[in-house]
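Q: What follows is the residue order along each chain.
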Amino acid sequence: MKNDNDYHRPIISFTSDFGFDSEGVGIMKGTALRLCPWANVIDLTHGVDSFNVINGARQFETIYCLPVGYHVCVVDFGVGTARKPIIIRAKRGDYLIGPDNGVMIPAARRLGGIDEIVMIENRKYMLMPISTTFHGRDIFASAAAWLARDIPLKEFGRDIPLEALVPAAFEDARTTDGRIEAIILHINKFGNIFTNILVEQMASINVEYGCLVEVLFRGKKLKILYENTFGTLGIGEELIFADSYGRVALAINQGSFSKKHKVQIGSGITFAKWQTA
Amino acid sequence: MKNDNDYHRPIISFTSDFGFDSEGVGIMKGTALRLCPWANVIDLTHGVDSFNVINGARQFETIYCLPVGYHVCVVDFGVGTARKPIIIRAKRGDYLIGPDNGVMIPAARRLGGIDEIVMIENRKYMLMPISTTFHGRDIFASAAAWLARDIPLKEFGRDIPLEALVPAAFEDARTTDGRIEAIILHINKFGNIFTNILVEQMASINVEYGCLVEVLFRGKKLKILYENTFGTLGIGEELIFADSYGRVALAINQGSFSKKHKVQIGSGITFAKWQTA
Amino acid sequence: MKNDNDYHRPIISFTSDFGFDSEGVGIMKGTALRLCPWANVIDLTHGVDSFNVINGARQFETIYCLPVGYHVCVVDFGVGTARKPIIIRAKRGDYLIGPDNGVMIPAARRLGGIDEIVMIENRKYMLMPISTTFHGRDIFASAAAWLARDIPLKEFGRDIPLEALVPAAFEDARTTDGRIEAIILHINKFGNIFTNILVEQMASINVEYGCLVEVLFRGKKLKILYENTFGTLGIGEELIFADSYGRVALAINQGSFSKKHKVQIGSGITFAKWQTA
Numbered sequence: 001m002k003n004d005n006d007y008h009r010p011i012i013s014f015t016s017d018f019g020f021d022s023e024g025v026g027i028m029k030g031t032a033l034r035l036c037p038w039a040n041v042i043d044l045t046h047g048v049d050s051f052n053v054i055n056g057a058r059q060f061e062t063i064y065c066l067p068v069g070y071h072v073c074v075v076d077f078g079v080g081t082a083r084k085p086i087i088i089r090a091k092r093g094d095y096l097i098g099p100d101n102g103v104m105i106p107a108a109r110r111l112g113g114i115d116e117i118v119m120i121e122n123r124k125y126m127l128m129p130i131s132t133t134f135h136g137r138d139i140f141a142s143a144a145a146w147l148a149r150d151i152p153l154k155e156f157g158r159d160i161p162l163e164a165l166v167p168a169a170f171e172d173a174r175t176t177d178g179r180i181e182a183i184i185l186h187i188n189k190f191g192n193i194f195t196n197i198l199v200e201q202m203a204s205i206n207v208e209y210g211c212l213v214e215v216l217f218r219g220k221k222l223k224i225l226y227e228n229t230f231g232t233l234g235i236g237e238e239l240i241f242a243d244s245y246g247r248v249a250l251a252i253n254q255g256s257f258s259k260k261h262k263v264q265i266g267s268g269i270t271f272a273k274w275q276t277a
Numbered sequence: 001m002k003n004d005n006d007y008h009r010p011i012i013s014f015t016s017d018f019g020f021d022s023e024g025v026g027i028m029k030g031t032a033l034r035l036c037p038w039a040n041v042i043d044l045t046h047g048v049d050s051f052n053v054i055n056g057a058r059q060f061e062t063i064y065c066l067p068v069g070y071h072v073c074v075v076d077f078g079v080g081t082a083r084k085p086i087i088i089r090a091k092r093g094d095y096l097i098g099p100d101n102g103v104m105i106p107a108a109r110r111l112g113g114i115d116e117i118v119m120i121e122n123r124k125y126m127l128m129p130i131s132t133t134f135h136g137r138d139i140f141a142s143a144a145a146w147l148a149r150d151i152p153l154k155e156f157g158r159d160i161p162l163e164a165l166v167p168a169a170f171e172d173a174r175t176t177d178g179r180i181e182a183i184i185l186h187i188n189k190f191g192n193i194f195t196n197i198l199v200e201q202m203a204s205i206n207v208e209y210g211c212l213v214e215v216l217f218r219g220k221k222l223k224i225l226y227e228n229t230f231g232t233l234g235i236g237e238e239l240i241f242a243d244s245y246g247r248v249a250l251a252i253n254q255g256s257f258s259k260k261h262k263v264q265i266g267s268g269i270t271f272a273k274w275q276t277a
Numbered sequence: 001m002k003n004d005n006d007y008h009r010p011i012i013s014f015t016s017d018f019g020f021d022s023e024g025v026g027i028m029k030g031t032a033l034r035l036c037p038w039a040n041v042i043d044l045t046h047g048v049d050s051f052n053v054i055n056g057a058r059q060f061e062t063i064y065c066l067p068v069g070y071h072v073c074v075v076d077f078g079v080g081t082a083r084k085p086i087i088i089r090a091k092r093g094d095y096l097i098g099p100d101n102g103v104m105i106p107a108a109r110r111l112g113g114i115d116e117i118v119m120i121e122n123r124k125y126m127l128m129p130i131s132t133t134f135h136g137r138d139i140f141a142s143a144a145a146w147l148a149r150d151i152p153l154k155e156f157g158r159d160i161p162l163e164a165l166v167p168a169a170f171e172d173a174r175t176t177d178g179r180i181e182a183i184i185l186h187i188n189k190f191g192n193i194f195t196n197i198l199v200e201q202m203a204s205i206n207v208e209y210g211c212l213v214e215v216l217f218r219g220k221k222l223k224i225l226y227e228n229t230f231g232t233l234g235i236g237e238e239l240i241f242a243d244s245y246g247r248v249a250l251a252i253n254q255g256s257f258s259k260k261h262k263v264q265i266g267s268g269i270t271f272a273k274w275q276t277a
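Residue numbers (our numbering), protein chains in the order written: chain X, 1 to 277; chain L, 1 to 277; chain H, 1 to 277.
Don't read these hints as lab results, they were simulated from the structure. In this text the structure is predicted, and so the values were computed from the model without any measurement. Don't take each hint at face value.
Put simply, identical chains are the same to the list, so a pair is met inside one copy or across any two.
Claimed, not checked - Once the Cα atoms are required to be at most 25 Å apart in a straight line, the calculated DMTMM-like pairs of lysine to aspartate or glutamate come out as:
#1 LYS189 with ASP21
#2 LYS262 with ASP49
#3 LYS260 with ASP49
#4 LYS189 with ASP49
Generate the whole structure from the sequences, applying the supplied hints.
A: Structure (structure tokens):
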């Protein structure tokens, strides 16, 4: 058996709203490999909802499950405008590379918080001429590859303070007066919907596994069980459960919650403990 | 030129019904790379029909085209229930890792049969705490990575006999009284449909290339040519042909068989030799 | 820091119309890794429009952004017919591997032109028996892996002249009498449409950034701004812009040009300078 340290291949990961069908996905990876041939490139996902920084931030937040690495996130409705290209060094040791639009801050929090932020300014580490349409290739994949080649962070540009950045695309949900005011961050292939509620936050409304929850959204009021398994449910029954990343989600067992209830990313949802009359 | 043996990177592959848009795909790969940084991770497919073990078993059966490796298959409507997580060692030398729901048995047959089956019980080789929703990460990707690090199979848990497993998601088609009774295992992007009939089984109804076949399904009776090439067909003509993995499929040249005839995975289809009246 | 030359892993890339959901994608990569375990396999895209060699040629043309490598392109409506399997060696040093149907020629031009063309005839470098349905695995992935193992090009088969090949799937647009006659090569996830007009060709109709263009297609006549950024546009405004690969494209800011105007790949589009009356 090898020792882990015998084998150093830096991880460069990519997250975007390009869709896997886009050649842009392959080109970002190819660009990274061209500049750093010993990197191990990996896709987190390219299925972020188009232009949706809330959804992108939720998807990118799961990057903590990957090895420490150089993580590019391109969900960028402002390409060609003056928004800053940035690198965030997180306390875990990861580097997050992408536009300054709030999409990377929740991920940085999951990685222990932010150590340093640098604006990408040095054209030496960009592909010239920079296109107006594909900063994922010309600025972000390129910067990730040069970082993976051990170019120091300060070589890329000046330090910028957190206060100068666009705020996080989402914050954790808040509890007021026994109600959790939340938003929908993500909908998956199965129609499950994912909120910004932290699992430990359910205690703030006195809800634990086995409790019924009053769920309000779009003028609807539902009574749904909070449980830690689908196993006890009949087909078609609704469920509140802990997702795979420490937040709370809603599903219909072997059905689509999002289709049945027509919810959308970014819309509000409220939880309270169900009060038997 | 290098010698093949100079270069040992274990292959870890992933098959699921997550859809490529899911961050879960990247996270399973990232988890494997975190635990076994020298692995070569590769996706077979994540396009298995949701929750469909028949379709998953057909897709996963093609794993014999990959190098000998550690192959994870997560098509799992029962996550969170009591179904067993298992590892199957196949005679070719591969390890198949996934839930005990019949989805991996056809693949094991293609790899020469089953040598040994072990239940994954040792929490040392799981990510703790185990989520109720993402065993693909916490149990299966983790086990694959530890196996790839040469942890012996018996370390993971107790041996279990084949008889104790959930039966295979599908069996090969059967021939009775000059009719092959089959099922649809898979539909591809082009609308071609794929059955559980083995190519050599066509002889059991005295059909060879160039013969006409009577095809019965959903109350329809079609007369279709069995041929080894699309090349002789006009656009829109139907065809029975050998698929790329030793089974029999149906297509419309440059059209969609599944859309035209509204067939579904799991539904029955019967073949007989066409009898000229 | 390592030196680039310390680390030799040949790049094998794959482009197809299989769709990422197809197990064929994983199997081509697995086949390449089985034959050449030290290769670095990468997908350009598998989202080429089904059977569409024009779209495939446009997608594959972007391969110049990848490292020098062995690039397989399978967009092949003629599998099973007599079309030739070929290898094109491009002047940049890349090898392009696929069917002789014109799909690879635009890519070869981007790589500096064609050095040599060989027909794949030597069965030693194919997977036997060759299926009639999956030449991507049995001929093309296999040839790429053997080339990556430094098997000389002449081992694969006889030289063939460019004149013997099926013509390129598309040519650059032409300018006549102040009008650029073009075609639509590609539509992306966002509904942007991509033409065969080279950026430098806009000068041939006296158009530069900031100019208005008369755009004719499907009986419509539109007045659209040619600009180098989306940043100045309101949501819903149309734009002509330079794509990321040196050609001209059309978009609606944060909307879908292709849906609004119902354009299709392969259809014609004409540009002229807008004349104020």
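Q: Work down the list of hints and note, for each, if the structure agrees.
A: Consistency of the hints with the structure:
1. LYS189 with ASP21: So LYS189 and ASP21 pass the 25 Å test inside a copy (16 Å) and across (8 Å) alike.
2. LYS262 with ASP49: Classified as both; 16 Å inside a copy, 22 Å across copies.
3. LYS260 with ASP49: both (19 Å within a copy, 20 Å between copies)
4. LYS189 with ASP49: both (12 Å within a copy, 11 Å between copies)
In summary, the structure agrees with every hint in the numbered list given earlier.
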